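Engineer: Read off the chains here:
There are 4 protein chains.
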Amino acid sequence: MERTYTLVISCPDRVGIVAKVSNFLAMYGGWITEASHHSDRMANWFFMRHEIRADTVPFDLEEFRTAFSPIAREFEMDWFISDSDQKKRVVLMASKESHCLVDLLHRWQSGELKIEIPCVISNHEDFRDLVEWHGIPYHYVPVDKNNKQASFDKVEQLVEEANADCVVLARYMQILPPNICQKYAGRVINIHHSFLPSFAGAKPYHQAYERGVKLIGATCHYVTAELDAGPIIDQDIQRVSHRHTIEDMVRLGKDVEKAVLARGLRWHIEDRVLVHENKTVVFN
Amino acid sequence: MERTYTLVISCPDRVGIVAKVSNFLAMYGGWITEASHHSDRMANWFFMRHEIRADTVPFDLEEFRTAFSPIAREFEMDWFISDSDQKKRVVLMASKESHCLVDLLHRWQSGELKIEIPCVISNHEDFRDLVEWHGIPYHYVPVDKNNKQASFDKVEQLVEEANADCVVLARYMQILPPNICQKYAGRVINIHHSFLPSFAGAKPYHQAYERGVKLIGATCHYVTAELDAGPIIDQDIQRVSHRHTIEDMVRLGKDVEKAVLARGLRWHIEDRVLVHENKTVVFN
Amino acid sequence: MERTYTLVISCPDRVGIVAKVSNFLAMYGGWITEASHHSDRMANWFFMRHEIRADTVPFDLEEFRTAFSPIAREFEMDWFISDSDQKKRVVLMASKESHCLVDLLHRWQSGELKIEIPCVISNHEDFRDLVEWHGIPYHYVPVDKNNKQASFDKVEQLVEEANADCVVLARYMQILPPNICQKYAGRVINIHHSFLPSFAGAKPYHQAYERGVKLIGATCHYVTAELDAGPIIDQDIQRVSHRHTIEDMVRLGKDVEKAVLARGLRWHIEDRVLVHENKTVVFN
Amino acid sequence: MERTYTLVISCPDRVGIVAKVSNFLAMYGGWITEASHHSDRMANWFFMRHEIRADTVPFDLEEFRTAFSPIAREFEMDWFISDSDQKKRVVLMASKESHCLVDLLHRWQSGELKIEIPCVISNHEDFRDLVEWHGIPYHYVPVDKNNKQASFDKVEQLVEEANADCVVLARYMQILPPNICQKYAGRVINIHHSFLPSFAGAKPYHQAYERGVKLIGATCHYVTAELDAGPIIDQDIQRVSHRHTIEDMVRLGKDVEKAVLARGLRWHIEDRVLVHENKTVVFN
Chain R
1 MERTYTLVIS CPDRVGIVAK VSNFLAMYGG WITEASHHSD RMANWFFMRH
51 EIRADTVPFD LEEFRTAFSP IAREFEMDWF ISDSDQKKRV VLMASKESHC
101 LVDLLHRWQS GELKIEIPCV ISNHEDFRDL VEWHGIPYHY VPVDKNNKQA
151 SFDKVEQLVE EANADCVVLA RYMQILPPNI CQKYAGRVIN IHHSFLPSFA
201 GAKPYHQAYE RGVKLIGATC HYVTAELDAG PIIDQDIQRV SHRHTIEDMV
251 RLGKDVEKAV LARGLRWHIE DRVLVHENKT VVFN
Chain L
1001 MERTYTLVIS CPDRVGIVAK VSNFLAMYGG WITEASHHSD RMANWFFMRH
1051 EIRADTVPFD LEEFRTAFSP IAREFEMDWF ISDSDQKKRV VLMASKESHC
1101 LVDLLHRWQS GELKIEIPCV ISNHEDFRDL VEWHGIPYHY VPVDKNNKQA
1151 SFDKVEQLVE EANADCVVLA RYMQILPPNI CQKYAGRVIN IHHSFLPSFA
1201 GAKPYHQAYE RGVKLIGATC HYVTAELDAG PIIDQDIQRV SHRHTIEDMV
1251 RLGKDVEKAV LARGLRWHIE DRVLVHENKT VVFN
Chain Z
2001 MERTYTLVIS CPDRVGIVAK VSNFLAMYGG WITEASHHSD RMANWFFMRH
2051 EIRADTVPFD LEEFRTAFSP IAREFEMDWF ISDSDQKKRV VLMASKESHC
2101 LVDLLHRWQS GELKIEIPCV ISNHEDFRDL VEWHGIPYHY VPVDKNNKQA
2151 SFDKVEQLVE EANADCVVLA RYMQILPPNI CQKYAGRVIN IHHSFLPSFA
2201 GAKPYHQAYE RGVKLIGATC HYVTAELDAG PIIDQDIQRV SHRHTIEDMV
2251 RLGKDVEKAV LARGLRWHIE DRVLVHENKT VVFN
Chain B
3001 MERTYTLVIS CPDRVGIVAK VSNFLAMYGG WITEASHHSD RMANWFFMRH
3051 EIRADTVPFD LEEFRTAFSP IAREFEMDWF ISDSDQKKRV VLMASKESHC
3101 LVDLLHRWQS GELKIEIPCV ISNHEDFRDL VEWHGIPYHY VPVDKNNKQA
3151 SFDKVEQLVE EANADCVVLA RYMQILPPNI CQKYAGRVIN IHHSFLPSFA
3201 GAKPYHQAYE RGVKLIGATC HYVTAELDAG PIIDQDIQRV SHRHTIEDMV
3251 RLGKDVEKAV LARGLRWHIE DRVLVHENKT VVFN
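Protein chains in written order, with my numbering: chain R, 1 to 284; chain L, 1001 to 1284; chain Z, 2001 to 2284; chain B, 3001 to 3284.
Same shape as in the complex, but just chain R:
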């Protein structure tokens, strides 16, 4: 896979942004391999993402940032540029359900997900063998009901030491404290096992069974301090009928959870997800 720089911008909308940015790129010979724009007319906000072949621009990232800064200031841009050669560092957190964890480990191992996994953190010992077989460090951090603060201090420390770009709650089942949610805003991804906003909170498949819905689903979203209310990255559903028990729903739901989480994570690490207020623009 060729090396690319990815330039991601959001700013107030006005005439001339695309011209200015594409001029800048063209001036230096930058070959754009993928370009996406979005004007949110209601919010009057503009979103833009470019992939540029790294070998066509006479810049490293630092020089790019310096050269681009004046334009960014002029248009009041919220922006960054990333390098496909610098793989994102993704910490996985799991509990007692293995399906999302195994799925992500396999996508990583087979080279589909181009990330580093510095470690897996779990409040149970169950998956130590599995994770260590993949050559990844496993940290067991039990969550003590009576002293959650200490547990999450430990989690935070491990995430810091891992120098993580992103944390994935792969069915972690514990609620992160607000300080962690805020510190890593837009960088902690959760998979919730319902099509939110239906069935937020605990036991969504039980809620779904009780209500008699004909579709179950899963939602991948950024974690915020408010439970299951963060910006949604992706969702999907699975048809069910009266023949399905709660156990069937749990089983069928796992496949949806895996698929939605893997897609959401992929888009996140490719810098395709832009958050504005509580919603996402996903350039997929």
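Derived from the structure by calculation, the hints contain no laboratory data.
Fair warning: this is a prediction, and the values are worked out from it, not measured in the lab.
Some hints here could point you the wrong way.
Simulated DEER-style distance windows between Cβ atoms [to be verified]:
id, chain 1, residue 1, chain 2, residue 2, range
1, R, Asp55, Z, Glu2277, 56 to 66 Å
2, L, Asp1144, R, Glu76, 44 to 54 Å
3, Z, Ala2200, L, Ile1246, 32 to 42 Å
Derived lysine-lysine pairs resembling DSS-like cross-links, with alpha carbons at most 27 Å apart [what the hints assert, rightly or not]:
id, chain 1, residue 1, chain 2, residue 2
4, Z, Lys2020, R, Lys20
5, R, Lys20, R, Lys96
6, L, Lys1087, Z, Lys2203
7, L, Lys1096, Z, Lys2203
8, B, Lys3114, R, Lys203
9, R, Lys88, R, Lys203
10, B, Lys3279, Z, Lys2203
11, R, Lys114, B, Lys3203
12, R, Lys96, B, Lys3087
13, L, Lys1203, L, Lys1148
The beta carbon of each residue, even a glycine, is placed where N, CA and C say it ideally should be.
Once you have looked at the hints, place chains L, Z and B on chain R.
Structural biologist: Just chains L, Z and B now, kept in the frame of chain R:
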């Protein structure tokens, strides 16, 4: 299409129900063209539906009922039998959105939906020409905010005069009073423009846009006194993205609404939907 | 809906195209409301579509064309610009199945499809009342097996007189002669009732039933001289099972056909479909 | 999970089959937990599957077979009965793509798929560590172009020694010789990476890319001597667009392949798939 009798049964579950019923049918030479069973293990309830070629049994419906009654009593069955030659009489109610109305009228006119439509009732005059072009009477019953009772008394009278088996709220947009909901329990079908329980109530597409969901949907359900909380017959969804405005969602949603309502109505008139507590068994 | 100009470009890929075009637009103050780009790396071809608020540029279409021509020549562009105020003229052709025809007429009548329908042409008289009730001229052109040439000469004449931008074969079921396919290349849209390339040609649902597939589908494509082999605009599917007869497949398939044709036509008239060799880029 | 017997029957259709079978079961107190019937009107063939709580009948399987035989003979039934406590023995065969293999191993390890995996056979050494980590024997059987007979003789011997009920080609990529196809008819399951009958044979994603389809898919089917032409168990699709390269299709397709193969295998080992001529009845 050959003439069939449809025998629909629900009762407490125990050994021997299928044997008794199928014996009864076999004894009289009844040729079963479709058979469906469901055991709800949690509710300990049994559901059963048979289609029988009418020409193979030496019965009309009245004689069938008489002959079958002892079995029904023995197993405490909630049951009925219907005749495919007696088309269900379906009153359509509409407001100012035509898509569901046009869709159902076409399915009826083309012979796909084997029903009678004794009349269309609307709180607006907009679709009189359309409906009358189809040869169907159109009743304009404005809903006066200050005297809803009189309006709905009129609606009830028209439904009674139409000798309706079923009423379809084809985006009717008015809330039926509790007395009508109760009188026609399990016989009034509504299409709600969200995947319930998300976004019940008014302006679901606006709610969906606000929340930033990646799927919109529609739900076909029986109307009960509690708004948008009745037994769900069918649901479906449509993928959306940041590029879709509320207007786009409204437009895309219409196709889902049409499809879900048409399916739900089809299953209802074919006696495929059995209600138990607040959930449905759909033998589709 | 605000008035927009749509600028559609395809050309050999190289550095600087986006910069040049967006500079051009920015220079004249053009407010871009939607921009889409695609680089086909294998074909080394570039595709671009912009929607621009008409009130922000000091041009009518003719002046735009003059001003833009030098850029188009420099990059060897295949290009055009259209005006949302000039509705596309779409001739519908039908045979004896009404579902696609009724669907498109309703989308037109309700304002969803912003087109003109100068006339409907059919080889049967069946839908004259329906079409004329919509206030649209109906031309009955029977297709005589022994003299198809004369029939299609008449069709061609009617299309010419209608000054049509586009012809939609809404389940027309007759094969257009090669001269018409070539004359209107990229402007005749067909709906085929299978997921091509499976089950090209006659009776696709019978073929699907025979093969025992678990999915049926429909394909919207541009007509070319080779039957069912033109560039595909959109496809969709519907799940089926052993319980479905051929008649069920025909019925279920209709809903897929309607949906896929309506989407394909919408994208076509919004100038979102770019053909390159035998494939499409769809900026939807 | 409670122990069940599964009784699977197909036979020429006539009046009284259900009555006879359900009488038989009721006579012995058999509690039916799931019952499915299907009349194929065109083939005049009847299909039936019952799950019966093992603790409610005074039989082991052998006694059941003896007691039921007269009924089976009377109706010329093709039939069998299985015991949920006797797990099916499933041999997996793989090549150089791991996604289906890893997926099935995980579903087995987590208890979702209630099977035994006596061994994995591969024509490459790549997955020995993975498979052996799961505690499953791994057999490396290279396929020599110049002496395929010897290789497949070895495969056949291993399958025999494994006492396999079923063989799964989890992207095995080698064509089994006709004698194996015939010997294990209805017991070898393949996943083909297209929605058959489109794109049979080699490199289906390349074919799909070339044709410009908007959907790619996968098909799970029983292997027969004719390549990719056996009875279809399940199919599914994934939407693609002009933005997807062949590599993207390969990647996206993997998720469809995994899902379709896992579903097909599940239904097979639960005795839900009945083959008649070249089609399947799937009681799912």
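Engineer: So, for every hint listed, does it hold in this structure?
Structural biologist: Status of each hint after checking the structure:
no.	hint	result
1	R:Asp55 <-> Z:Glu2277: 56 to 66 Å	violated (28 Å)
2	L:Asp1144 <-> R:Glu76: 44 to 54 Å	holds (53 Å)
3	Z:Ala2200 <-> L:Ile1246: 32 to 42 Å	holds (40 Å)
4	Z:Lys2020 <-> R:Lys20	holds (11 Å)
5	R:Lys20 <-> R:Lys96	violated (51 Å)
6	L:Lys1087 <-> Z:Lys2203	violated (31 Å)
7	L:Lys1096 <-> Z:Lys2203	violated (39 Å)
8	B:Lys3114 <-> R:Lys203	holds (25 Å)
9	R:Lys88 <-> R:Lys203	violated (32 Å)
10	B:Lys3279 <-> Z:Lys2203	holds (19 Å)
11	R:Lys114 <-> B:Lys3203	holds (25 Å)
12	R:Lys96 <-> B:Lys3087	holds (25 Å)
13	L:Lys1203 <-> L:Lys1148	holds (21 Å)
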